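Enquirer: Protein chains in written order, with our numbering: chain A, 34 to 367; chain B, 34 to 367; chain C, 34 to 367; chain D, 34 to 367; chain E, 34 to 367; chain F, 34 to 367.
Treat the hints as calculated values from the structure; they're not laboratory data.
Here the structure is a predicted model, which means the values were calculated and not measured.
Possibly wrong hints are sitting among the right ones.
Any copy, or any two copies together, can satisfy a pair, since identical chains are not distinguished.
Each computed BS3-like pair below joins lysine-lysine, with the alpha-carbon atoms no more than 30 Å apart [what the hints assert, rightly or not]:
#  : residue 1 : residue 2
1  : Lys121    : Lys106
2  : Lys121    : Lys319
3  : Lys106    : Lys212
4  : Lys113    : Lys126
5  : Lys293    : Lys106
6  : Lys101    : Lys335
7  : Lys101    : Lys280
8  : Lys319    : Lys293
9  : Lys121    : Lys212
10 : Lys280    : Lys293
11 : Lys60     : Lys335
12 : Lys293    : Lys212
13 : Lys293    : Lys335
14 : Lys329    : Lys113
15 : Lys319    : Lys101
The residues making up each chain are set out below.
6 protein chains.
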Amino acid sequence: MKEIYIADLVRLDENKPFDSIYLVLSKQQRTTRTAKPYLSLILGDNSGQIEARVWELFDPRIATDFVKGDVVKVRGSASKFEGVLQLKIDQLKKLAATEFDRSDLLPATTYDIGTLWQQLEETVAGFTDPDLQRLVTTVLADPAIREAFREAPAAKQLHHAFLGGLLEHVVSLLGLAQKVVPHYPMLMQDLVLTGVILHDIGKIHELAWSTGFEYTLEGTLLGHIQIGASMIEKTIDSLPEFPPRLKTLVLHMILSHHGKLEFGSPKLPMIPEALMLNFLDDMDAKMQTLASEFQKAARQGKGPGEFTDRVWALDQRTMLNSRAWLGEEANKQP
Amino acid sequence: MKEIYIADLVRLDENKPFDSIYLVLSKQQRTTRTAKPYLSLILGDNSGQIEARVWELFDPRIATDFVKGDVVKVRGSASKFEGVLQLKIDQLKKLAATEFDRSDLLPATTYDIGTLWQQLEETVAGFTDPDLQRLVTTVLADPAIREAFREAPAAKQLHHAFLGGLLEHVVSLLGLAQKVVPHYPMLMQDLVLTGVILHDIGKIHELAWSTGFEYTLEGTLLGHIQIGASMIEKTIDSLPEFPPRLKTLVLHMILSHHGKLEFGSPKLPMIPEALMLNFLDDMDAKMQTLASEFQKAARQGKGPGEFTDRVWALDQRTMLNSRAWLGEEANKQP
Amino acid sequence: MKEIYIADLVRLDENKPFDSIYLVLSKQQRTTRTAKPYLSLILGDNSGQIEARVWELFDPRIATDFVKGDVVKVRGSASKFEGVLQLKIDQLKKLAATEFDRSDLLPATTYDIGTLWQQLEETVAGFTDPDLQRLVTTVLADPAIREAFREAPAAKQLHHAFLGGLLEHVVSLLGLAQKVVPHYPMLMQDLVLTGVILHDIGKIHELAWSTGFEYTLEGTLLGHIQIGASMIEKTIDSLPEFPPRLKTLVLHMILSHHGKLEFGSPKLPMIPEALMLNFLDDMDAKMQTLASEFQKAARQGKGPGEFTDRVWALDQRTMLNSRAWLGEEANKQP
Amino acid sequence: MKEIYIADLVRLDENKPFDSIYLVLSKQQRTTRTAKPYLSLILGDNSGQIEARVWELFDPRIATDFVKGDVVKVRGSASKFEGVLQLKIDQLKKLAATEFDRSDLLPATTYDIGTLWQQLEETVAGFTDPDLQRLVTTVLADPAIREAFREAPAAKQLHHAFLGGLLEHVVSLLGLAQKVVPHYPMLMQDLVLTGVILHDIGKIHELAWSTGFEYTLEGTLLGHIQIGASMIEKTIDSLPEFPPRLKTLVLHMILSHHGKLEFGSPKLPMIPEALMLNFLDDMDAKMQTLASEFQKAARQGKGPGEFTDRVWALDQRTMLNSRAWLGEEANKQP
Amino acid sequence: MKEIYIADLVRLDENKPFDSIYLVLSKQQRTTRTAKPYLSLILGDNSGQIEARVWELFDPRIATDFVKGDVVKVRGSASKFEGVLQLKIDQLKKLAATEFDRSDLLPATTYDIGTLWQQLEETVAGFTDPDLQRLVTTVLADPAIREAFREAPAAKQLHHAFLGGLLEHVVSLLGLAQKVVPHYPMLMQDLVLTGVILHDIGKIHELAWSTGFEYTLEGTLLGHIQIGASMIEKTIDSLPEFPPRLKTLVLHMILSHHGKLEFGSPKLPMIPEALMLNFLDDMDAKMQTLASEFQKAARQGKGPGEFTDRVWALDQRTMLNSRAWLGEEANKQP
Amino acid sequence: MKEIYIADLVRLDENKPFDSIYLVLSKQQRTTRTAKPYLSLILGDNSGQIEARVWELFDPRIATDFVKGDVVKVRGSASKFEGVLQLKIDQLKKLAATEFDRSDLLPATTYDIGTLWQQLEETVAGFTDPDLQRLVTTVLADPAIREAFREAPAAKQLHHAFLGGLLEHVVSLLGLAQKVVPHYPMLMQDLVLTGVILHDIGKIHELAWSTGFEYTLEGTLLGHIQIGASMIEKTIDSLPEFPPRLKTLVLHMILSHHGKLEFGSPKLPMIPEALMLNFLDDMDAKMQTLASEFQKAARQGKGPGEFTDRVWALDQRTMLNSRAWLGEEANKQP
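Generate coordinates for the entire structure from the input sequences, incorporating the hints supplied.
Expert: The following block contains the structure:
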């Protein structure tokens with residue numbers, strides 16, 4: 034197990050040497066303004082990323098046989114440059130696959146995957162619609178899907194951009210949907226829940242997460258909406274006597290879940306369940322974004338009355354942590 | 034009590050005389066293409082509106098002393114013109130205020146106002162924040178506000194455009210909020226609920242509902258957001274030692290609840306509770322719109338596979354009643 | 034064969050009786066302002082549509098056993114109402130399927146379908162890429178696709194909204210592409226041509242054309258882009274050793290051919306061939322629209338210096354037939 | 034009084050030591066690329082801002098007991114880095130409040146505040162509408178408002194972002210309005226002038242200007258439009274028998290003065306006086322912006338034929354100083 | 034001289050015969066629903082337009098030899114159809130050019146053309162820039178331009194759509210500019226005034242006003258901005274030693290005066306004088322629009338508290354006549 | 034002739050001295066962070082641009098008498114700073130006009146100008162419309178136009194931003210137009226070709242290309258659309274009996290060729306030939322952009338599966354070189 038995570042470095046003494054294990058996210062040869070060459074690396078682990086520099090390029094303690102995607106053990110020290118923490122690497126060697134635990138090296142959900150998966154399966158077990166139940170059951174039983182679904186992030190960056198993020202997002206949405214759907218009797222609950230479980234399933238092929246989080250080439254050219262719709266259509270076609278109208282509705286929910294053409298959905302939601310899926314997905318993504326932004330602001334040392342940085346996913350708004358700010362006032366009162 | 038509601042006319046034999054009581058929403062003298070003068074009225078009751086024509090202008094059985102806003106008893110018959118139902122009036126007299134029940138004459142919520150009000154008060158009774166509790170309690174205890182709040186529609190047209198619509202919308206939102214808010218621990222529940230109860234309170238001055246639903250002149254020039262913020266600010270200023278920060282947060286929620294500047298909010302939601310209020314308000318309004326559109330489509334005689342007319346509040350989309358359409362398929366199966 | 038087409042009626046003497054055969058596109062019972070009931074029909078044939086009215090509802094010469102979609106033989110006469118031609122029907126009977134030729138009753142391409150199809154097949158025969166050749170050959174060899182492809186319109190309205198319109202549009206595009214593509218050596222010609230042939234193939238399920246041109250319910254909820262991509266993916270998956278990258282490129286061209294997210298493409302064109310396909314499709318559609326608008330203006334009796342009505346597909350612009358206007362000047366000169 | 038203003042530094046010999054007094058606008062510890070720590074300060078006075086660096090952190094002549102918002106006396110020298118002037122600080126001590134004149138330290142109007150105030154009061158004295166006169170008189174007589182109104186900037190940045198900027202902007206607008214309003218007899222002059230005086234009054238609470246110009250938290254969450262409307266409504270409510278319609282019109286002018294919903298006005302101008310106020314405000318702001326940009330271009334050493342930088346408030350346009358450019362041509366002529 | 038203007042008809046007894054002279058703006062043969070043919074005319078004079086119908090097509094008292102653009106003398110009577118006034122024509126004959134005064138037949142400015150022209154010439158006489166003075170003087174001295182400039186409307190519809198409208202608009206703008214320009218010392222007054230006089234001069238070729246107000250074909254394809262710039266460039270090129278830079282500035286002002294690319298200006302205003310011209314033009318157009326809308330509302334019988342119809346040129350806003358509404362309150366007070 | 038082009042430097046050994054000749058595009062005095070002064074130059078030749086630094090400011094081998102626009106001979110060496118190549122200059126002297134070949138110093142078309150010009154003239158020789166033929170012939174025969182047309186770039190940056198770019202773009206478009214136009218019989222071919230040749234002719238005055246590519250001041254204030262329309266109008270006016278309608282059509286094509294108001298065309302294309310010109314111009318510009326981006330990506334060392342940087346002219350899209358990517362797969366196969 035790792036000892037020093039990137040998120041810990043900020044509390045480490047500047048310039049004090051330490052050892053740790055990181056994933057190489059990028060590797061580039063560069064030169065300073067005064068023509069001194071150095072190696073610039075982006076190193077990552079499950080707590081964040083950091084730039085590292087190697088100045089002694091020909092030091093035998095610095096391995097040269099590693100590339101982007103490798104995992105390395107380094108000895109170095111941290112210091113701030115223009116207010117940004119940076120590593121200076123004194124020793125570096127490439128590790129074999131057996132020498133580290135990959136879960137240490139990419140950010141991951143803080144929930145237990147097994148528990149999340151169980152919640153997902155229990156929800157499906159509770160379906161009253163037999164056709165939707167066998168559809169979702171069949172999808173989740175596919176070993177390749179199952180394995181990827183338990184690992185995949187929900188995004189390259191932004192909300193749920195961590196291992197297990199897709200599953201965490203889906204299970205959070207299931208909990209939310211089970212509360213909201215009964216408020217509107219017009220909605221067919223199992224259809225909404227099916228949409229919740231399947232809407233982002235194309236992301237298991239749109240994204241790659243072995244070394245950082247990237248779009249695949251297929252993902253860039255086709256997108257997770259088309260990939261997901263194709264996956265589900267094939268599964269449905271393999272199920273005997275699946276009702277054709279229900280097939281159309283399920284595919285429509287996947288196609289329309291981004292809610293707007295300009296967000297990449299080729300169709301707007303045109304049934305109540307698709308409208309609800311888009312509402313829930315949007316709400317959950319934004320609330321999760323907000324939580325992340327408040328954590329980030331706290332890490333930046335911002336106080337209760339300070340706004341977050343501008344948030345891209347919220348139209349460049351800045352947000353205030355109302356609870357913290359209000360609490361501060363209460364505490365000041367006698 | 035009235036015997037023949039406007040919504041009943043479609044099932045009445047064409048040309049068969051009947052008597053009923055209606056509110057005069059509009060009164061105009063007109064001429065046919067062949068120069069024949071007639072009186073064109075828009076009559077309404079709580080089930081809808083209809084055009085009515087008086088051809089025998091000088092018949093002594095036709096009263097002339099009535100104006101827009103009066104209630105009249107008419108004898109006439111219904112028939113279709115270009116597919117639209119229309120009344121021909123043979124007798125008409127103005128009624129005194131004692132001769133009718135106003136609740137028959139404007140569309141109203143189908144819920145019991147007393148019950149809704151009780152749900153509202155019970156919610157407030159459950160607040161744990163004493164400041165928000167005394168704020169909301171004080172507002173609801175104001176006799177003028179209380180009376181108007183129990184009567185007001187939530188809109189001139191579109192969603193909840195009926196007597197009691199404001200209260201029905203608020204209580205529906207409270208139910209929804211009590212389910213969704215606990216899903217996000219970051220949210221201060223009482224602040225969200227306070228926003229739910231107070232966000233549209235300016236509508237009691239923005240709208241007038243004695244004869245049809247209209248904007249007041251003050252409402253047109255100032256808007257319910259400004260009117261509501263002013264009402265609540267005055268109430269807060271009357272409460273001793275109300276925390277200043279909480280005042281700012283409550284006012285911010287009222288100002289930002291439309292969610293976008295172009296929808297008339299002078300500020301975007303910048304705290305989690307305001308963001309949530311906007312989500313819930315938008316979701317509930319659209320789901321209620323959808324329910325109305327499906328009812329309207331059924332009244333239009335549309336079948337399960339037919340889409341609604343284009344819905345203005347849903348970006349001119351047409352919507353499909355998925356449950357009905359799917360049900361039809363199931364019924365067809367052996 | 035029919036004797037009097039709807040487009041001929043404008044040259045017929047007003048009020049002069051004639052017989053003809055039409056398709057019933059709509060049938061509604063209505064009432065005049067003076068309460069007189071009548072039957073309002075929309076009748077169509079391959080030259081256009083017209084409103085027809087039956088005033089003698091109980092005349093035994095007027096059949097009552099027909100519905101929308103039936104073909105009827107009528108005797109009647111034409112006259113103008115508010116400048117718009119209208120039929121008065123005196124006799125009407127429903128025809129059996131053997132009593133008429135369907136091609137008379139819906140607008141159709143003026144080209145010979147067999148010739149168009151041969152041009153299409155010759156183009157495919159000239160492919161140098163064996164994978165794309167076997168893909169397109171396989172698609173066109175499917176009897177269900179082949180039959181529909183030879184019949185389908187390219188749109189419900191707007192450009193190429195007539196039987197055979199899809200095929201005519203594709204063949205016109207092929208001719209254009211074969212001229213333009215060699216101008217840009219960067220382009221893989223067979224890939225562009227494959228995109229031209231397959232991009233709209235989903236329309237054979239998105240549209241229905243047995244009685245007028247309508248969207249199917251599946252078409253409304255899924256769209257021809259998704260339907261077409263799914264059809265082609267299934268065909269590719271059935272071909273042994275089809276190159277995976279080529280599959281991705283072909284699907285990308287179908288998905289992106291509308292050129293903009295807001296036009297319903299879930300992906301923008303991101304390869305040169307997809308960019309070119311979008312250019313050609315857009316150009317051909319607009320030039321065909323323009324030709325139709327000039328024909329329509331001529332039918333409206335507009336002179337050489339008069340602009341067309343506003344054209345929806347050209348951003349509500351009005352257009353001038355420059356050749357006609359310039360020719361008029363030349364003719365005026367001595 | 035200060036001897037060396039920031040705007041003077043550009044004309045000072047590089048590296049020549051000097052003494053001066055500045056306001057500390059920001060203070061941060063940083064490290065160079067070669068790990069050398071230093072203190073980075075943003076210092077300001079009424080002529081501008083500049084970055085300053087302290088390299089000898091432990092030199093006893095460098096005080097450490099100062100924070101953002103303090104005023105310091107420094108000895109240092111200026112030089113350019115990447116074309117941008119920068120200070121190197123050799124000595125630094127914190128000053129007591131009695132040791133400097135705050136008006137030296139923040140940019141301020143070049144007009145005399147007393148004179149501007151007198152012009153404002155004379156305008157109000159000339160009102161013919163007694164209700165508007167007592168409203169404005171009452172507002173300006175409030176000691177807290179009066180003091181803040183004489184000091185407040187009109188913006189955090191952009192036009193009139195200096196002490197007294199609000200008053201200067203209002204008095205400039207009054208002069209403009211008194212010229213333009215008589216051109217349109219439809220306008221009630223006193224109502225326009227009242228709008229001019231009161232439209233931005235909420236800025237005295239929206240902005241803070243003790244150390245630089247910042248938004249207050251209340252200002253960020255509520256905005257000067259709402260704050261100003263609330264202030265004026267309270268004043269009106271305190272005036273006996275103020276005409277209710279006039280109250281609505283005055284509040285409408287404040288609410289609508291940004292002219293567009295997307296600029297944060299919850300209502301569009303719907304009366305002629307509000308339309309005119311928005312025109313005048315917009316025109317004056319843009320002309321003042323233009324003047325500043327031409328001054329800035331001159332400071333940048335641009336010649337008569339060179340365009341300004343892109344101007345954010347003018348849709349990123351670049352502007353040409355036409356008078357200067359034309360004058361250059363005239364001068365060249367014999 | 035005419036006796037009965039169209040604007041007078043609303044006060045005439047319905048169905049009472051009268052004689053008058055009108056311009057034929059449109060002439061169409063139509064049929065009623067019951068197949069009765071009639072002639073539908075749009076007649077106009079300087080006070081407005083009205084639909085007129087001729088029912089007795091073969092009556093010898095009804096001339097048949099007239100076309101759109103002719104002037105006719107009619108005997109008829111007025112009545113309302115669906116609330117809209119309409120004429121019934123009993124006699125009609127075509128007039129020779131000597132039998133009427135054209136100024137009676139198209140709406141015209143209420144100002145004296147001679148006086149307006151004198152104001153224009155006096156302004157030019159006051160120029161201090163000799164180059165601009167000889168430019169404008171030369172333009173106004175061209176007999177063809179002079180005659181057209183004194184007659185032309187400023188628009189086909191919307192603001193200043195009447196004979197002399199262009200001149201009235203320019204003279205109003207000159208008055209406004211002479212007040213506003215001195216407020217901004219940066220502005221070269223004669224350049225602004227030159228822009229005011231010349232900016233719309235292309236409208237004398239863009240519009241035709243002999244029979245109603247229409248765009249010319251050249252106007253539709255080129256626009257008054259291009260036509261005007263071309264006219265002024267030719268004049269400048271004919272003036273010896275006109276300063277080249279001044280030529281560029283004058284042309285830039287014409288090109289940019291619409292203020293936005295999407296309003297048809299190929300360049301945004303990039304000099305202060307062009308910015309000011311756009312401000313003044315926009316302000317004057319909107320204030321004149323507002324005055325027209327209030328007059329229209331009064332003609333519609335709207336009371337002081339009623340809003341105008343939605344105004345296209347003001348983003349579909351409705352406007353309130355604040356002076357009238359406020360006056361009503363004052364009058365009500367004891 | 035030059036020996037070392039800027040594009041060659043990337044392949045040169047770092048730090049190895051070499052001699053070459055460059056154009057000075059910019060010259061500025063700067064200081065490093067540690068206060069060391071240096072001279073920063075932007076040097077260019079026909080293969081690209083590069084930053085160069087002179088550290089020994091007082092070395093007698095460094096000339097000081099040169100300015101922006103001069104051509105200099107330098108001795109120096111190249112190295113990378115932050116991954117970007119940079120020159121260090123050791124010796125520098127200014128060259129006289131006879132000591133270099135300007136065509137080496139600005140990027141230029143790779144086609145032979147004489148050949149391009151001949152293709153242009155042959156196309157005109159093939160016109161069948163005598164009026165258009167003498168118009169274009171007259172324009173091209175003007176010595177000033179002819180010389181500039183053979184040299185001008187088509188843009189300051191983006192597509193065809195090199196000497197001869199305008200001519201290359203026009204000749205490419207002519208070839209394309211001659212293929213596409215016959216596909217649409219509605220089009221008058223000579224009118225389209227005239228539009229192709231003349232649409233951008235204003236660029237010879239809008240741009241300056243003696244030292245780098247810049248907008249002229251006249252170009253910035255008037256634009257090439259207006260300048261070009263004015264040039265062509267003057268030529269037409271000099272041709273006896275040129276048909277007036279044809280003049281309007283030619284000018285309309287120049288004015289509308291950008292296709293949208295927001296792209297600076299004061300008129301939308303309203304005739305078929307103008308619509309086609311806009312299509313062809315847009316297509317050719319984007320295909321040429323794409324070719325440049327793929328070349329740039331190759332220079333950046335990107336592999337077949339890597340996307341280009343975001344392309345401004347393609348809505349910030351990234352593009353994939355499909356041919357290269359597909360070829361890679363083929364090569365991998367056995």
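Enquirer: Have a look at Lys106 and Lys212 and pick one of within, between, both or neither, based on CA distance no larger than 30 Å.
Expert: Close neither inside one copy (47 Å) nor across copies (48 Å); limit 30 Å.
Enquirer: Treating 30 Å as the Cα threshold, decide for Lys101 and Lys280: within, between, both or neither.
Expert: Between copies only: 29 Å across chains, 43 Å inside a chain, cut-off 30 Å.
Enquirer: At most 30 Å between CA atoms: does that hold for Lys319 and Lys293 within a copy, between copies, both, or neither?
Expert: both (16 Å within a copy, 15 Å between copies)
Enquirer: Regarding Lys293 and Lys106, is the shortest C-alpha distance of 30 Å or less found within a copy, between copies, in both, or in neither?
Expert: neither (46 Å within a copy, 47 Å between copies)
Enquirer: Check Lys60 against Lys335 for me: Cα-Cα at most 30 Å, and say if that holds within a copy, between copies, both or neither.
Expert: between (32 Å within a copy, 15 Å between copies)
Enquirer: Measure nothing new, just compare the shortest in-copy and cross-copy C-alpha distances for Lys280 and Lys293 to 30 Å and report within, between, both or neither.
Expert: both (22 Å within a copy, 27 Å between copies)
Enquirer: Within a copy, between copies, both or neither: where do Lys293 and Lys212 come within 30 Å Cα-Cα?
Expert: both (25 Å within a copy, 27 Å between copies)
Enquirer: Between the shortest in-copy and the shortest cross-copy C-alpha distance, which are at most 30 Å for Lys121 and Lys212: within, between, both, or neither?
Expert: Neither: 51 Å inside a copy, 51 Å across copies.
Enquirer: Indicate which option fits the pair Lys101, Lys335 if close means a Cα-Cα distance not exceeding 30 Å: within, between, both or neither.
Expert: between (34 Å within a copy, 15 Å between copies)
Enquirer: My question is about Lys121 and Lys319: at a cut-off of 30 Å on alpha-carbon distance, are they close within one copy, between copies, both, or neither?
Expert: neither (37 Å within a copy, 45 Å between copies)
Enquirer: Reference check for the pair Lys113 and Lys126, CA-CA at most 30 Å: within, between, both, or neither?
Expert: both (24 Å within a copy, 27 Å between copies)
Enquirer: Is it within a copy, between copies, both, or neither that the alpha carbon of Lys121 lies no farther than 30 Å from that of Lys106?
Expert: within (13 Å within a copy, 38 Å between copies)
The earlier numbered hints that this structure contradicts are 2, 3, 5, 9 and 15.
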